[in-house]
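*Asks:* This is what each chain is made of:
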Amino acid sequence: MMKKISLLLIFVILIGCQKKEEPIVITPDLFHESVDRVTEIMIHDIFSPPVASRIFAYPNIAAFEIIAAHNNEYKSLAGQLNDLTPIPSPEPSGKVNPKLAALIAHMDISRRLIFSEEKINIFRDSLYTDWSSKNPTEFNASKDYGLLVADHIAAWMDKDNYKQTRTMPKFTVNTDDPARWQPTPPSYMAGIEPHWNKIRPYVMDSAAQFKPVAPPAYSVEKSSDFYKELQEVYDISMKITEEGDTSEEIAIAQFWDCNPYVSVTRGHLMFATKKITPGAHWIGITKIACKKTDSDFDKTIYAYTKTSIAMADAFISCWDEKYRSNLIRPETLINQFIDDSWKPVLQTPPFPEYPSGHSVVSGAASTALTSIFGDDFAFEDDTEIRFGLPVRKFSSFSEAADEAAISRMYGGIHFRAAVEVGVKQGRDLGKYVVENLNMKQKSELATLEQ
Amino acid sequence: MAMILLLLVGCGSKEGELFTNPSPEKTGITFSNTLTESNDLNILDYLYFYNGGGVAIGDINGDGLPDIYLSGNQVKNKLYLNKGNLTFEDITEKAGVAGNSTWNTGAVMGDVNGDGLLDIYVCAVVGINGFNGYNELFINNGDSTFTESAAQYGLDFETFSSNAAFLDYDLDGDLDLYLLNHAVHTQESFGRSDLRLQRDFQTGDRLLRNDGNTFVDVSEEAGIYGGVNGYGLGVAISDFNQDGWPDIYVGNDFHEDDYYYLNNGDGTFKESLKEYFGQTTRFSMGNDVGDINHDGWPDIISLDMLPEDETVLKSSEGDDDYQIQKLRVGQFGYHYQFTRNMLHINQPGGKFKETALLSGIAATDWSWSSLFADYDQDGEQDIFISNGIPKRPNDLDFINFASNDQIKTKIDNTQLVDQQALDMMPSGNIPNYVFKGTSNLQFIDKSKNWIKRDTLISGATAMGDLDNDGDLDIVTNNINHPATLYINKTDNKANYLKIKLKFPGKNPYGIGSKILSYHKGILQYKEMYTVRGFQASSEPLVHFGYGKDTKIDSIRIIWPNRTTQLLKNVKVNQTLVIAPKEEVQATYPIFVQNKNEIFKKVEGNLGLEFEHKEDSYFDFNRQKLIPYQFSDRGPAVAIGDLTNDGNEDIFFGGSKFMASKLYVQHADGFKEKAFPTIKKDSIKEDVVAVIEDFNKDGKKDLFIGSGGADFFNEMPPLLDSYYTQKDTTFVQEQLPATFQNASVLARADYDLDGDMDLFVGNQMVTNDYGKTPYSYVLQNKNGKFEILENESLNHIGMVTDAVWDDYNGDGTLDLIVVGEWMQPTFFKNKGGTLIKDDMDLDQLNGLWQSIIPFDIDKDGDKDYLLGNWGLNSKFKASQKSALKMYYADFDNNGSTETIVTIKKNGEDYPIEGLKGLSEQLISLRKKFTAYKDFAGKPIKGILSEEGLKKAKVFEVHELSSGYLENNNGNFTFVPFNVELQMAPIMTFLAYDFDGDGAEEVLAAGNYFGVKPYHGRLGSFAGAMIKSKNNVILGDDLGLDFSQRSIRHLNIITFKNKPYLIATFNNEKVQVYQLINNIGK
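The listed protein sequences derive, respectively, from chains A and B. With this note's numbering applied, the first sequence covers 1 to 450. With this note's numbering applied, the second sequence covers 10001 to 11080.
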């Protein structure tokens, strides 16, 4: 009897649900939202900048591969990115909505990469409920396909050596050589991601492909190039902190801080102010550019994917040099030789100095974005508003990259060489990515006119 | 039913077995240190917002009943007059002692002007957060009224004071004052330790000399630090070195070291912390001094904040990372500090021995005040510890996940606080602790019995006999709750003696006097200091307990002016009021050290200048979860005549990439000599070595066992080395290739074929700790070695030491092997075959480090002394509650890891927290996204079922060092006394050290290759074991072994005299002459 009633109930419910299926519309904004969610969770879970760049890249690639398989304008990255093979084809039923499948693949790969899965699940489940009520047939077909592609990308992703690098030896501080990096205040964290150069590159042939020139030789002789750069960091810092709130340089430094974990200690009270990473800042700029140009869903994914690949390679390239030169930070030396109570405007991040990560990444990201949206692309950057920072205006991506680079000197965390060499290293790498990655069926090179 | 009812009633009562807490309604003490948090003032604005007020006990009106003064942070101070029968009257208004400062802290009583009346000094924090006022001095008018006179006396400081202590440091007869101030220096960077040299007006401590009713700041000339980084929270006065001059111990919070000021007797002090302490508390809070081991030398407890509860422990920020510690000690010049309570046992002639872990008092959570006293009057010092904090700012979830933009803004711009963020901090209201002392340095936790479990935030604590019934009562000042009275119910269940002093001159309470009580040959030693614990002073009296004993043989009093008097046959259960009688001078030192110096360091080391330097390899960076290091088990030492001149030479191994050194004996001493073949092999880390004529050509050969735990798989530097002497050079010979980390080489002609064979014991497999290494006997075949296959011996375990000895008396040498996570294992030698002998020692798995045969019970047969990890560490093990190590490739990444657990309340908990475990097992970061999800979970709630199932589980049941007592060939384990359990015993050596014609065994140890969570296992000064009950500790023998990690002890003969060679890891070798054994 019971059984009958429940059967009846199900029947009734099914009948109740029976209504006309409508097509599911996936807007670019929904993709932006998915990316924003990931950025949000990354802030919460505290991923370091290199790891964050990887978390941006793979979900975008998964989404792009689905789009490229369905939109003749774009070309698959299989065979172009190291070890990536073509994604499986969808069932020939024709019920798959590629945009929907791309979004689902994006969410699914993201979910695998972050820690706090429940945060993405809530977002996903509410979308799933909506979609399945609108059009279960289209939804289920797209979902199955999206997850199938996600599995394919995940299998490729899992072989990038990330898992192995997690359990490789922690960085051993060299206390014997005065030129080598030392942990810095306030939390004196050990060097993070010393093995990031062992991550499989995306486009580059090896982590060392864009190896920069060596930094100026360490010396505490006042006449040496190295010491002059040290003195310069100190002098700039003294000058701008004297100017205080009116200092444009301090405004620039803070705007581009992008430190995901700034430790604050007051007695036993400890906490961190958490922000987005440099990569997330440029992802934010990508969103601004897409929205300003009213880019459609496919172009939006294309832009995110290209930018995030360039940045992910930039971090591998940059970290390769960081732990090669293993150079000491200005803060350690200034405290030792110039002013023992000096503090940089920004908190020194926990890894070696050379080259500047933000500089390399900004160089690479801006070059990728320029190739998509053009050189004279003016924009208002409001990415940091949520952290209480103002909007800054730029006339081009390149200008923004230059400012991001020099901000590290104003912030007192990098020497000039790390900034200047770094941004060049990033641009060279970006150019290489743009030239070697054919993401469109027609050659893109025309758009890169610099 | 009735019984249940009864039980329920029992649970709800306000009674502990030893203390009862009368209600404020009954006592009239309604003072509550109520804190009002505001947007302008809370833990974010002022780091010590929760440190609480002060409490002082003393009889202010001379009616014989001790009165109570309580200071409040934001509320007015209160003075309660004791009216007898535990009722009190609030006379604050009349007395005029309510105080005027915005934020009061410590409150102490002392007779500042020497008129015989107790005055009250109240500290204040002034000059930050809008706090006004100054330290107030209420001079007692003798009619229960007081006159605030701080300015007149020069004590009206407007600084960040936390407490003040009275002492007569210059012995001029009046009371001087040590003013304890606290820093508010931002914690953004360590800063170098020499910051303490620059005086800072508001934060620097001060020494104030009483120049006849005005106090003069003599800090600078007296050598008292007053820097910007001194977070002074604890101060204790005592004559620590028993030279008659009061010394000072200051506990500093955060990274500043504690200060140990030894009084030079000329108005100056010498800060000597590093010289006398191996390690200290990191977040030092209150402290106290008492002689807990009846030797007349004051011991120190210093409090910290290590939680006992697993859930709190695993969700709180822990100790520094190893590399940060190295930076702080090496680059910034601070001392070793660890987050737990420390009990420093005074060791005359040596460094303090730190025993809090062994003593069972290391973890009492967020602790403020500790008071030593004999609460149950059994003759042993007990400890009361107050603790608690309204909000735990070091909660890891709070640190990592609080919405914090607002907090940061708040701190920078004093805008509104996000109350939600503050609310995320969990509360830390935990029950106070009380421990019962014993005669063997161990304390028994009586918190659940002696006192009622509370949930109070208790800070300042003072003692006195409030009801004049002879036992000691306690008062705690609580946050947001009326002060608690702990009334002692010992009453007439045990005997006591109370002593009050009447000293002439300006120090009528006899502050600084020493009182020695003798009964049944037991010494109890006290000094009269009232400022004890934390922000408090206790009643000026001395109290002894005697249990059921009714006769006190004598009481000796040594007055501050060094005169002394002796009272004989004193009756118990009375209060003596004693004044100086006769002008007999005490002779200092009053305690003649029981010195038995039989070793004397040889100046110039006979030319043996070898200093071992450990290489920079750090095991935990690669094998993140191993329980301890393996890369630091060198250097090797071997002694023998390598130059064929009849004199002994000595070989010291080098660590990785550092050359070994060989010293040759000459008439005027030892001189280094280079043997190129040996020297060029410097890539290897030499852990053990043997010099022996293996090939029987009349010349000694050299065998070296290599290790270092860095090289792995089949890397050639893991191969052992064998050099034979040819002419005057050495030639490297072939050995069977086994790639292992060696730990012991034990030689014997076990097969009786006339040449020396060798047991090679190996400790671990690099990068795969937990896998059984391969150990074996090398059979000597005409100077060439072959491995003797023996399944049970080859895979015996993680070997550390072995000895050939005929334990079954059949005339052949048998083999006994010890190691970590295994039992001592016996192999009987049956005609050259080694057969494992079941000795029924299954429950004797230990972290064994060393073994030596010795007839310790003098019954004519051979017992075996065993060096183990000791009891003074975070490892805990017993047969019922084994220390366990889970070994498997838990994360399926192709390499294994180990997880060590200790048992608490029947469950196995990993020692590592989420941060540590997830550095290796990253999937845990996904499984536990918040620390609170992880905290409090035993290992079965952390690892998957599959992971647990595939794990090999190692166990340790015994951590005591001890000996296997030989009972007709059966062996029973007998643990050594507690004095030999201070640290791992790494090595033994048998010899007639004292020249009495009989052999003794010298034991030495200490080990530092553990993570900062474990601290430093350095409190063992070595010991000479003459027999079961005759053990002499190293400090008394003239040995300098404390806080050094020894590897080998050897005797070398130089000019026919024996010398002791002590070889340490990462230290210079020590050479001792044997004073009483001058050789042949």
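Some hints could be false.
Said to hold, decoys possible - Think about it this way: if two alpha-carbon atoms lie no more than 20 Å apart in a straight line, the pair counts; the simulated EDC-like pairs of lysine to aspartate or glutamate are:
#1 A:Lys-119 - A:Glu-40
#2 A:Lys-159 - B:Asp-10063
#3 A:Lys-211 - B:Glu-10999
#4 B:Lys-10926 - A:Glu-242
#5 B:Lys-10498 - B:Asp-10063
#6 A:Lys-170 - B:Asp-10063
The set of hints was computed from the structure by calculation and includes no laboratory data.
*Asks:* Identify every previously stated hint that the structure contradicts and give their numbers, smallest first.
*Replies:* Hints 2, 3, 4 and 6 not satisfied by this model.
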